[in-house]
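Q: Let's have the full structure, built from the sequences with the hints guiding it.
Read off the chains here:
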Amino acid sequence: MLKIEAVLQPSKLDAVKDALLEAGIEGMTILEARGHGRQKGHTEFYRGREYTVDLLPKVKIEMVIHDELKEKAIAAIVGAARTGRIGDGKIFISHVDEAIRIRNDERGETAL
Amino acid sequence: MCRRSTHIVILVALIASPLVAAAQSAHGAGNAPVTQAQIAALQQAVEKAQSAGDNAWMLMSAALVLLMTGPGLALFYGGLVRRKNILGTMMQSFAMMGLVTILWATCGYSLAFGHGNFFIGSFEHAFLRGVSLAPNPDYAATIPGQTYMIYQLMFAIITPALITGAFAERMKFSAMAVFLSLWSLLVYSPMAHMVWGVGGLLNASGGRIPSLDFAGGTVVHVTSGVSALVTCIYLGKRAGYPQTPMPPHSMVLSFIGACFLWVGWFGFNAGSALAASPLATSAFINTHFAAAAAALGWTVAEWIHNGKPTALGAISGAVAGLVAITPASGFVQPFSALAIGAAAGVFCSFMVFQVKSRLRYDDSLDAFGVHGAGGTLGAILTGLFAASAINPIFGKDASGHSIATGAIDGHWGQVLNQLTGVGIAWSISIAGTLILLFLVDKVMGLRLSPEQESTGLDLSQHGEEGYDLNS
Chain A
1 MLKIEAVLQP SKLDAVKDAL LEAGIEGMTI LEARGHGRQK GHTEFYRGRE
51 YTVDLLPKVK IEMVIHDELK EKAIAAIVGA ARTGRIGDGK IFISHVDEAI
101 RIRNDERGET AL
Chain B
113 MCRRSTHIVI LVALIASPLV AAAQSAHGAG NAPVTQAQIA ALQQAVEKAQ
163 SAGDNAWMLM SAALVLLMTG PGLALFYGGL VRRKNILGTM MQSFAMMGLV
213 TILWATCGYS LAFGHGNFFI GSFEHAFLRG VSLAPNPDYA ATIPGQTYMI
263 YQLMFAIITP ALITGAFAER MKFSAMAVFL SLWSLLVYSP MAHMVWGVGG
313 LLNASGGRIP SLDFAGGTVV HVTSGVSALV TCIYLGKRAG YPQTPMPPHS
363 MVLSFIGACF LWVGWFGFNA GSALAASPLA TSAFINTHFA AAAAALGWTV
413 AEWIHNGKPT ALGAISGAVA GLVAITPASG FVQPFSALAI GAAAGVFCSF
463 MVFQVKSRLR YDDSLDAFGV HGAGGTLGAI LTGLFAASAI NPIFGKDASG
513 HSIATGAIDG HWGQVLNQLT GVGIAWSISI AGTLILLFLV DKVMGLRLSP
563 EQESTGLDLS QHGEEGYDLN S
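If you're matching them up, the sequences are chains A and B in order.
Residue 40 in this note's numbering sits at position 40 of the first sequence, and the numbers go up by one each step.
Start counting at 1 in the second sequence, then tack on 112, and there's your number in this note's numbering.
Check each hint, because a few of them may be wrong.
To be verified - Here are the simulated DSS-like cross-link-like pairs (lysine-lysine), alpha carbons at most 27 angstroms apart as the crow flies:
| id | chain 1 | residue 1 | chain 2 | residue 2 |
| --- | --- | --- | --- | --- |
| 1 | B | Lys420 | A | Lys58 |
| 2 | A | Lys58 | B | Lys196 |
| 3 | A | Lys40 | A | Lys60 |
| 4 | A | Lys90 | A | Lys12 |
Unchecked claim - According to the in silico footprint, chain A covers these stretches of chain B (three or more CB under 8 angstroms from chain A):
| id | stretch |
| --- | --- |
| 5 | 498-511 |
| 6 | 559-569 |
Read the hints as simulated data drawn from the structure, not as lab findings.
By construction, the Cβ of each residue, glycine as well, lies at the ideal position given by its N, Cα and C atoms.
A: Printed below as a string of structure tokens:
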């Protein structure tokens with residue numbers, strides 16, 4: 001089992017979600033997040049005072065998938081979220097030890 | 113204001129005379145002649161009709177001025193503070209709606225508008241004794257005395273509420289309530305008496321130094337703005353200012369608030385004609401023109417200065433223009449109002465962008481930069497642009513010509529009178545505010561503890577939160 005965490009531009013969320021569904025990945029958790037990478041933030045002006053906003057609004061998708069879906073998932077996210085500009089986001093993938101379905105105690109990949 | 117009442121009497125006579133003539137010619141066709149009693153009844157009917165029209169407009173205006181404090185100012189200021197302070201900030205304005213009303217009824221009105229000396233009224237109208245439904249010809253001959261009283265109350269409410277912008281996010285609610293209540297009696301009532309009260313030092317009709325303040329540029333905006341400056345310096349900066357960013361938490365709320373202020377200001381300025389008269393129209397137009405020009409002036413200045421025209425700049429500019437036109441609204445031509453507005457937009461933005469950051473005081477929501485600076489500028493420009501063609505408030509000379517009012521008419525001395533009025537307002541505001549702050553600080557302490565300040569006014573002072581999106 002793999003856990004995919006992807007940080008995205010909020011405006012790309014719907015496109016990514018649709019692409020993942022098309023790739024056969026159904027469960028996901030969406031978090032509204034704030035953060036920055038190399039892109040840093042932007043400046044705002046209120047009554048002549050300059051404020052640097054370095055944490056920008058982002059969304060983070062979390063999902064746990066079967067190992068063999070890894071490349072399809074990556075392709076779906078990258079294909080839908082890429083604009084080619086700084087700030088498009090990142091994908092992190094890690095191994096998951098166990099999954100448990102709370103409703104009926106199913107374990108492992110059957111619980112996904 | 114006395115002169116206004118004589119105008120009204122003449123007006124009534126003029127309106128009545130063609131009616132009387134028409135009645136006479138009808139009777140001339142073979143009926144009994146018109147009796148004195150009939151003429152008197154006719155005159156009474158005309159007076160009643162005029163009073164009804166004036167009273168309708170003045171009650172409407174009073175309601176509009178209240179609208180400026182809540183929701184107008186409460187939203188304007190509420191949006192500009194951080195999220196944890198919104199309810200506390202709105203409550204400061206709302207508290208004035210309660211506290212000042214009670215003070216006004218007990219003695220505030222009497223101290224402002226009772227017969228007294230140059231500087232302050234008396235206790236003759238304490239507990240509203242003698243303030244009846246009959247007109248008070250000292251102030252407004254065609255509306256009930258109580259209409260005048262309630263209309264003036266709305267000004268007394270918004271004035272201390274304006275000060276709250278300077279000490280936002282850091283004063284105890286209890287200290288704020290005591291300080292501003294006392295301020296209303298010690299600073300506002302005397303200033304209102306000097307400018308508008310019978311026998312007041314600065315009263316345009318018969319005062320020793322006739323100073324022009326149509327709707328309260330000096331009485332409301334200079335006093336509140338200067339007291340705001342004194343308060344924010346006395347109290348010190350907010351914890352973390354200016355290193356920690358403290359941007360407004362909701363520009364949307366501020367935007368709605370500013371638009372309420374703009375609309376409410378029609379009651380403030382046009383209502384100050386105290387009648388549904390052509391002068392009210394003049395003040396209405398000037399108010400609107402100045403707000404528009406100032407919004408533009410601030411926006412252009414900011415666009416050049418910072419590279420972007422912000423929404424906060426546009427609405428702040430509009431408020432600055434409304435402030436500056438307040439003393440001039442019933443005295444100047446429409447194009448002078450455009451000039452006053454544009455000047456206020458540029459000048460106040462300069463005060464906020466440059467002067468505040470150079471001098472490093474934390475006038476958190478720019479109560480001084482907009483109201484103090486805009487009010488002072490407006491008072492001076494009133495002396496420059498006042499035209500007797502709009503409002504011949506100084507009466508007519510022996511040959512029947514209106515006596516010049518402002519410098520544009522050739523009466524440069526009026527600028528000096530205006531400066532004197534502003535100087536007195538600055539002095540009484542600085543002295544009165546310092547004394548009160550010192551006293552209240554000694555007795556109960558003005559400032560929140562550092563923990564309370566970091567928690568925010570909402571939770572620490574009121575035990576509530578403005579936004580609970582999880583409930």
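Q: With reference to the structure, classify each hint as holding or not holding.
A: Hints, verified against the model:
1. Restraint check: the Cα-Cα separation between B:Lys420 and A:Lys58 comes to about 25 angstroms, which is no more than 27 angstroms; the hinted pair holds.
2. Proposed proximity of A:Lys58 and B:Lys196 is supported: the alpha carbons are some 23 angstroms apart, at most 27 angstroms.
3. For the hint linking A:Lys40 to A:Lys60, the alpha-carbon distance of about 18 angstroms falls within 27 angstroms, and the restraint holds.
4. This hinted pair checks out: A:Lys90 and A:Lys12 have alpha carbons roughly 13 angstroms apart, not beyond 27 angstroms.
5. Only residues whose beta carbon comes within less than 8 angstroms of a beta carbon in chain A count, and the stretch 498-511 of chain B has 0; fewer than three means the coverage is violated.
6. Residues of the stretch 559-569 of chain B with a Cβ under 8 angstroms from some Cβ of chain A number 0, which does not satisfy the need for three, so the listed coverage is violated.
Checked against the numbered hints given earlier, this structure breaks hints 5 and 6; the rest are met.
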